[in-house]
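We have chain A; now place chain B onto it with these hints.
Now for the letters of each chain:
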Amino acid sequence: GAVVSQHPSRVICKSGTSVKIECRSLDFQATTMFWYRQFPKQSLMLMATSNEGSKATYEQGVEKDKFLINHASLTLSTLTVTSAHPEDSSFYICSAPPGGALSAEAFFGQGTRLTVV
Amino acid sequence: GENVEQHPSTLSVQEGDSAVIKCTYSDSASNYFPWYKQELGKRPQLIIDIRSNVGEKKDQRIAVTLNKTAKHFSLHITETQPEDSAVYFCAAVLDFGNEKLTFGTGTRLTIIP
Chain A
1 GAVVSQHPSR VICKSGTSVK IECRSLDFQA TTMFWYRQFP KQSLMLMATS NEGSKATYEQ
61 GVEKDKFLIN HASLTLSTLT VTSAHPEDSS FYICSAPPGG ALSAEAFFGQ GTRLTVV
Chain B
1001 GENVEQHPST LSVQEGDSAV IKCTYSDSAS NYFPWYKQEL GKRPQLIIDI RSNVGEKKDQ
1061 RIAVTLNKTA KHFSLHITET QPEDSAVYFC AAVLDFGNEK LTFGTGTRLT IIP
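Residue numbers (this note's numbering), protein chains in the order written: chain A, 1 to 117; chain B, 1001 to 1113.
Just chain A, same shape as in the assembly:
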C-alpha cells in the first residue's frame, strides 16, 4: 500500500517555542493531506485540510494563526505549532489519500507525540 511518513515521532519543547511536523507521501503524490489531533483517551479530530498550492482549510475552533500549514509540494505538508503551550500537548497525525476510484482508504503517518513543558 501507499506509504506516508511523518516526522518527528516524538518532540518535547518548551512553552512559547514553535514546533514543525512534516508529513510526506513517499510513493504517490498527494494534492490533499489531512491533519488530526488526538488527546489522550480521545478520538481523532480533524484540524485542517492541507491543499497543495493553496491555503489550508481549518475546522471550526482551530486557530489558523497558531497551527500553520504549508503544502508546498505534492509530497510534503508541514504543520507548525506556533508559541506552543502545555494544552497543545497531544498526538498529531496526518493522512493522505492516494486517490483513485476504487479505494477511499486513507493512509496515516506514524503520528507525532508533542509534549510542551
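Some hints here could point you the wrong way.
With a straight-line Cα cutoff of 25 Å, these simulated BS3-like cross-link-like pairs (lysine-lysine) come out [claimed, not checked]: (1) B/K1071 / B/K1022; (2) B/K1022 / B/K1057; (3) B/K1058 / B/K1022; (4) B/K1057 / B/K1068; (5) B/K1037 / A/K41; (6) A/K64 / B/K1100; (7) A/K66 / B/K1100; (8) A/K41 / A/K20; (9) B/K1042 / B/K1068; (10) B/K1100 / A/K55; (11) B/K1071 / A/K20; (12) A/K14 / A/K41; (13) B/K1042 / A/K41; (14) A/K20 / B/K1100; (15) A/K20 / A/K64; (16) A/K41 / B/K1022; (17) B/K1058 / B/K1037; (18) A/K55 / A/K14; (19) A/K41 / B/K1100; (20) A/K66 / A/K55; (21) B/K1100 / B/K1071.
No lab work stands behind these hints, which were simulated from the structure alone.
Leaving out everything else, chain B in the frame of chain A:
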C-alpha cells in the same frame, strides 16, 4: 457537518466470544465507512471498510454491516483473540474520494484470556 456516535466506549469479552461495536452517523450523504484499530501510541490501522451501496462485508473473523435507512453500521469480531485487544474507531466519509474522516468516539476492547 457529519457527527458519528460510537457505543460502547469499553467492551470486555472472553476469548473466543464475539464482540460487536455500533456506530450511528448523522449525514445521510455519507457514503464510505471505515473501521480502524489503534494500539497505544500508534497510527490507526484500517481493518475493514464498507461503501454505502453494500449492506454487509466480511473478511475472515471481521464483518461490518450497514443500515443506510437507520444510518448505523456495526463491527462484528468473531472468535476473539487476545491480540484483538485495542481501541477501535469507526468513521464516516462524506465524499468518497475525499477521505476527510469523521471519527467515532472509540471503543476500548479488552479480550479476557
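Next on the checklist: Does A/K41 sit within 25 Å of B/K1042, going by the straight-line distance between their CA atoms?
Outcome noted: holds (13 Å)
Checklist entry - Taking 25 Å as the top limit, are the C-alpha atoms of B/K1071 and B/K1022 close enough? => result Within the cut-off at roughly 11 Å; holds.
Next on the checklist: Just to be careful, I want the Cα atoms of B/K1058 and B/K1022 compared with a cutoff of 25 Å; is the pair within it?
Outcome noted: Cα-Cα ~16 Å, so holds.
Next on the checklist: Run the distance test for B/K1100 versus B/K1071: straight-line Cα separation, threshold 25 Å.
Outcome noted: With Cα atoms ~18 Å apart, B/K1100 and B/K1071 stay inside 25 Å; holds.
Checklist entry - Holds or violated: are the alpha carbons of A/K41 and B/K1022 at most 25 Å from each other? => result Holds, because 19 Å separates the two Cα atoms, which is no more than 25 Å.
Next on the checklist: For a C-alpha distance cap of 25 Å, please report whether B/K1037 and A/K41 respect it.
Outcome noted: Given pair B/K1037, A/K41 holds - Cα atoms ~14 Å apart, limit 25 Å.
Checklist entry - When you check the alpha-carbon spacing of A/K41 and B/K1100, does it fall within 25 Å? => result Status holds; Cα separation ~21 Å.
Item to check | Given pair status - A/K55, B/K1100, alpha carbons within 25 Å | outcome: holds (17 Å)
Next on the checklist: Check whether the Cα positions of A/K20 and A/K64 lie no farther apart than 25 Å.
Outcome noted: holds (14 Å)
Next on the checklist: Against the 25 Å threshold, does the CA-CA distance of A/K14 and A/K41 hold or violate the hint?
Outcome noted: Holds, because 24 Å separates the two Cα atoms, which is no more than 25 Å.
Next on the checklist: Check the hint pairing A/K20 with B/K1100 against an upper bound of 25 Å on the C-alpha distance.
Outcome noted: Roughly 22 Å between the alpha carbons, so the hint for A/K20 and B/K1100 holds.
Checklist entry - Is it true that the CA of B/K1057 sits at most 25 Å from the CA of B/K1068? => result Measuring from Cα to Cα gives roughly 14 Å; hence the hint holds.
Hint compliance for this structure: hints 9, 11 and 18 are not met, and every other hint is.
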